[in-house]
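For the protein sequence lines, the chains are A and B, in the order given.
So the number in our numbering is just where the residue sits in the first sequence, counting from 1, plus 40.
So the number in our numbering is just where the residue sits in the second sequence, counting from 1, plus 40.
To be clear, the hints were calculated from the coordinates, so they are not data collected in a lab.
Among these hints, one or two may not hold up.
For chains that are exact copies, the list does not tell them apart, and a pair is met inside one copy or across any two.
Taking lysine-lysine and the DSSO-like style, the derived pairs with C-alpha atoms no more than 30 angstroms apart in a straight line are [said to hold, decoys possible]:
(1) Lys-224 to Lys-111
(2) Lys-224 to Lys-155
(3) Lys-304 to Lys-282
(4) Lys-303 to Lys-347
(5) Lys-224 to Lys-115
(6) Lys-282 to Lys-303
(7) Lys-116 to Lys-224
(8) Lys-111 to Lys-238
(9) Lys-82 to Lys-347
(10) Lys-355 to Lys-155
(11) Lys-355 to Lys-240
In case you want the letters, here they are:
2 protein chains.
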Amino acid sequence: MFVAVDAMGGDFAPDMVVQGAVEAVTEFGISVILVGDEARLKGILGQKRIKDRILTAHSEQVIEMDEPPLKAVRKKQRASIRVAFDLVRDGKAQAVVSAGNSGATVAAGMLILGKLRGVDRPAIAGVFPRDRGPAVLIDVGANVDCRPSHLFQFGIMAKAFASSCLGIEDPRIGLLNIGEEGTKGNEQVRQARELFEKSKLNFIGNVEGRGIFEGDVQIIVCDGFVGNVVLKLSEGMAETVKRTLQGDLRSSFVGRVASALAKKPLASFEDKLDYEIYGGAPLLGINGVSVICHGDSSPRAIKNAIKLASEYANKRLVEKMSAELERLIS
Amino acid sequence: MFVAVDAMGGDFAPDMVVQGAVEAVTEFGISVILVGDEARLKGILGQKRIKDRILTAHSEQVIEMDEPPLKAVRKKQRASIRVAFDLVRDGKAQAVVSAGNSGATVAAGMLILGKLRGVDRPAIAGVFPRDRGPAVLIDVGANVDCRPSHLFQFGIMAKAFASSCLGIEDPRIGLLNIGEEGTKGNEQVRQARELFEKSKLNFIGNVEGRGIFEGDVQIIVCDGFVGNVVLKLSEGMAETVKRTLQGDLRSSFVGRVASALAKKPLASFEDKLDYEIYGGAPLLGINGVSVICHGDSSPRAIKNAIKLASEYANKRLVEKMSAELERLIS
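Put together the whole structure using the sequences plus the hints.
In structure tokens form, the structure reads like this:
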């Protein structure tokens, strides 16, 4: 099993991406194919190269972060993200990881691997660490404007993902809204609610912003605009909270003594705000496994994303999602 | 100067609301008029009644939290929220505070006091405590579907609010979006961006979710659906963070010793996550001052909201906002 890594995608590519891939190989024993400018990649790998476990595949083109995704994917046939998906299509790799232009990853995935039956729009599922186990937020950025039927399909895809990859047997699904009553929200959400209520899914109704962290819900469905804002806000807030706590404790002598004493509980607290453990967000609805990372991912985030991509492929995410779609859309 | 308090609005009304009002009167020397069932209010006030500083105004009707706002406001002429706005219209009070049905507060405010010239849609401004000074998020729930011109007007109203009430001279204004580039986001946001760019406002471009807490921006403009989710998510996350930290520290002996030692820095940390200090969110764009509280507000939140409402009236928020609207929309 190989994970195809888009080595040219991301703000710090290829160096940071290669470093993360090397860590994934050495720590977890995963095999990767780095896709990009082979001469550069081999230069970075240098001594570190681990035979048979890190291969390279050449690509001459890169899609930049600010390029219009669909146009760039169509024009640049030899872009690293395309070559990565080609490897999966040809059976040479079993999953794709990219920290590049996420719109381009979605477009290339759809174009090269195709969509699963029953899916109109693939979506990105953000996984949130929480005290009481993870929550899945879908969509976190693939679709800025959604129809009610799209939101319903997101719910099914996330259900298949949560049960096959996160071990949540029958996840409770909520619709992100601005109030708990059915009459609240905009037209799109009100109509989606009706679709969920008529379905066989374990639908619990509307979930408000505070419910993402507090509520007894494992899947929260929303459009990609709201979801992207929520994901980035939570990550930003987690970072700010950690920095503020450290600043406040360091500002006094007793605070520094207390931090030294309480190193373990403070570390446990900070771990719960650690978004990098999920490294990236799975792209659901295409006919293959793909994990999308932030553009500014650290090597540790890349490493964890590669690990997850390999797990999702091992757990047969795509096959299970297809079955779930067949069962629930008819 | 009197603040009219909708004593019947909110999940714990009238008891908690009356308690908050009494605290505002005794702590800050503010005068209030409690609006609601006078017999009940006088019963709750009992001994606590402070002559001349807590008046009551009778109303026979209440708009419940789950009633459709506009219909309820039209039908219930004697609803407490209507009578509260009547007091402002008649010059007997200078501001309204309510923890009741927020849609009904918006509708009653518009109906009874009218909108300011240049405003199509009044909006609710959420004030976020931050390490580097507060940020204003507008709209946090009055309008679930907005046109680009509405978003632009929200920016002007928030600017007038921030400069007259928060002491931020020339606030930096950003548009909440899913990427920093101008091409990102949905049609509504892209068009609003053009309006801001052509204006005399201090517009800094798009702000992502993480920028709300990290970025050097004081006003973040978005529609009421996204804003409501962001507000409630931040509040929920702040609560969760405090509870988790306390739990982690209390779980071990050294943790408990450390908490005792570092009581002050930990309190300073928790204060920064304290959303109740802003108590409520001002409703901007109507011809009067009004502060909207969460339905589940504590007496402390109500107390702070009353204090803020009185400050906003003293600072001539409405007059300054009118002037700003005249200057920027022409």
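Those earlier numbered hints the structure runs against, lowest number first:
Of the numbered hints, all hold.
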